[in-house]
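Engineer: Okay, here's what each chain looks like letter by letter:
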Amino acid sequence: MNTQAADAAADMTVTSRWSNAVPRLDVWVKIFAGLVILAAWQVGVAAFAPRFVAKPLGIVAAFPAVITDAAFLAAVANTLGAVLQGLSIAMVTGVIVGIAMGRVKVFDRLLNLYVNGLYAMPMVAVLPLFATWFGYESDARLATIIFAAFFSIVINARDGARSVPPDYLEVAKSYRAKRRYVWFDITLHSSLPYLIAGIRLASGRALVGAVIAEFFVSLEGVGMYILAHARSFKHNEAVIGVLALAAFGLFVEWTTNWVMRRFLPWARRS
Amino acid sequence: MIKLIQLINSDARWVRWATFAASIFLGAAIWEYAGHNANPLFMAPLIGSAQSPGAALRLISFIGDSDFRGAILSSLKLFATGFAFALVVAVPFGIILARLVLLRVALESYILVLYVTPMVALIPFVLSILGFGFWPKVLVVFLFAFFPILYNTLEGARSVKPELLEVAGSFRASEWSIWRDILIPYTLPFALTGIRQATGRALVGMIAAEFFLSTSGLGEVIMVASRTPDIANMLAAIALITILGVILMRGTQALEQKYSAWRGVDG
Numbered sequence: 001m002n003t004q005a006a007d008a009a010a011d012m013t014v015t016s017r018w019s020n021a022v023p024r025l026d027v028w029v030k031i032f033a034g035l036v037i038l039a040a041w042q043v044g045v046a047a048f049a050p051r052f053v054a055k056p057l058g059i060v061a062a063f064p065a066v067i068t069d070a071a072f073l074a075a076v077a078n079t080l081g082a083v084l085q086g087l088s089i090a091m092v093t094g095v096i097v098g099i100a101m102g103r104v105k106v107f108d109r110l111l112n113l114y115v116n117g118l119y120a121m122p123m124v125a126v127l128p129l130f131a132t133w134f135g136y137e138s139d140a141r142l143a144t145i146i147f148a149a150f151f152s153i154v155i156n157a158r159d160g161a162r163s164v165p166p167d168y169l170e171v172a173k174s175y176r177a178k179r180r181y182v183w184f185d186i187t188l189h190s191s192l193p194y195l196i197a198g199i200r201l202a203s204g205r206a207l208v209g210a211v212i213a214e215f216f217v218s219l220e221g222v223g224m225y226i227l228a229h230a231r232s233f234k235h236n237e238a239v240i241g242v243l244a245l246a247a248f249g250l251f252v253e254w255t256t257n258w259v260m261r262r263f264l265p266w267a268r269r270s
Numbered sequence: 001m002i003k004l005i006q007l008i009n010s011d012a013r014w015v016r017w018a019t020f021a022a023s024i025f026l027g028a029a030i031w032e033y034a035g036h037n038a039n040p041l042f043m044a045p046l047i048g049s050a051q052s053p054g055a056a057l058r059l060i061s062f063i064g065d066s067d068f069r070g071a072i073l074s075s076l077k078l079f080a081t082g083f084a085f086a087l088v089v090a091v092p093f094g095i096i097l098a099r100l101v102l103l104r105v106a107l108e109s110y111i112l113v114l115y116v117t118p119m120v121a122l123i124p125f126v127l128s129i130l131g132f133g134f135w136p137k138v139l140v141v142f143l144f145a146f147f148p149i150l151y152n153t154l155e156g157a158r159s160v161k162p163e164l165l166e167v168a169g170s171f172r173a174s175e176w177s178i179w180r181d182i183l184i185p186y187t188l189p190f191a192l193t194g195i196r197q198a199t200g201r202a203l204v205g206m207i208a209a210e211f212f213l214s215t216s217g218l219g220e221v222i223m224v225a226s227r228t229p230d231i232a233n234m235l236a237a238i239a240l241i242t243i244l245g246v247i248l249m250r251g252t253q254a255l256e257q258k259y260s261a262w263r264g265v266d267g
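Each protein sequence line maps, in turn, to chains A and B. Under the numbering used here, the first residue of the first sequence carries the number 1, and numbering increases by one thereafter. Under the numbering used here, the first residue of the second sequence carries the number 1, and numbering increases by one thereafter.
Be careful, since some hints might not be right.
As the list claims (entries may be wrong) - Among chain A residues calculated to face chain B with C-beta under 8 Å, some are: (1) I37; (2) P122; (3) A230.
Honestly, the hints are just simulated from the structure, not real lab data. Cβ coordinates follow ideal geometry from the N, Cα and C atoms, glycine included.
Using the sequences and the hints given, assemble the complete structure.
Structural biologist: Dropping the structure here:
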């Protein structure tokens, strides 16, 4: 809420030549803009695009049937289950590797090249390789998700572990703090903001990985649901699949923001 | 023992270089070992032998192969075209949103939604509406690159201090000088963050478009190698894409850092 309040305050003082936004009206402005966008979409598609292309009214009409469709719900559960499973594996292993790299120089020097290289590698490129290694089944999807998520978590955990204020470590050392306190109460604690940033980044990448793997390996899931319906020209239904993915993305965005504000107010995000 | 641990963790230059060399050597050795001992349908060695050259030798032989050079050029052309369109549209649009507060308030929630939507999910729509060819693939790269740039430029737009615009307005600054002296310097560092994010995503979009729309370029090289199957070729192409990714990421990171000092003190 804080940032929004600050934004609102900032908006109030702005007197641009063309606009003079009043924060109380913000919500109405947003709703109005949304309606304009939807209307433009509806009219534009109706006028210029082939008939099968999705239109807002068509999506609304298809919504109740899709949302109660057992196949759609199974697809959503399937994809989200795989993403959560892959994320948890990537998180546990990634945090261990990342913190070890951040605190022990020799690990950093040994692994940095590979972590950065594999992080910069577009994950789609390894899909055919993973399909060969893990078979055309859900293992390939899980491997893609872990691959997509792991390196961004490692990089953030490493940066977090490096950002521990040296004063804290010095004080801990002077008081002969036990090693586990140094690791858990100081290092892990002060890398938390970085870890959350890493998880946020990783979940976006994991979702992309899951969808791409479903396209490539033809697995049941939201990606396949979208592909199958787009192919059979049922675009309204397919768009609802996209909305489910966007909802997951928004959920991650809001949850990480909420966690940052609620539990880590001491970490000022840039 | 403790002496040894201290030594390998020390900052002496020779220790750093020795660990770096050990890192490369160990990685290469593991790859080579796995390649020689695994089923050749699943893994190829890094160097291999004269009879069955590994990934590194293939990569070197690719340089002389005109088909392969054509594939690289076609991929780069796709990437550059899509990315250039994204850049040319997203940055000015983001800065306009810095200028028109009302428009920014109206659109920012929707831009966030599109920013967090995985753009891969739109590939089936592009395929069924626009079909095959070069321009649908450009659209895919564009979609992957556009929203990170726009979203981050928008963050910059929000950081523009209203006082500055107010003072500029009071002194009757011209529209051009407001852009040149306030809007562009304030939003540029943020736009560069977006550009860094966008290069990574656009590379994913490029390969995805080459896989799922009409196959071409490096994506086609990987696909053909995976069907043959020719793991050494596949690994060589993947290595090349990785090198491309590292170069793009390093380059954009350097650019971002160069201008990061421009971020406002409280930005």
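Engineer: Looking back at the hints listed earlier, which ones does the structure fail to meet?
Structural biologist: none
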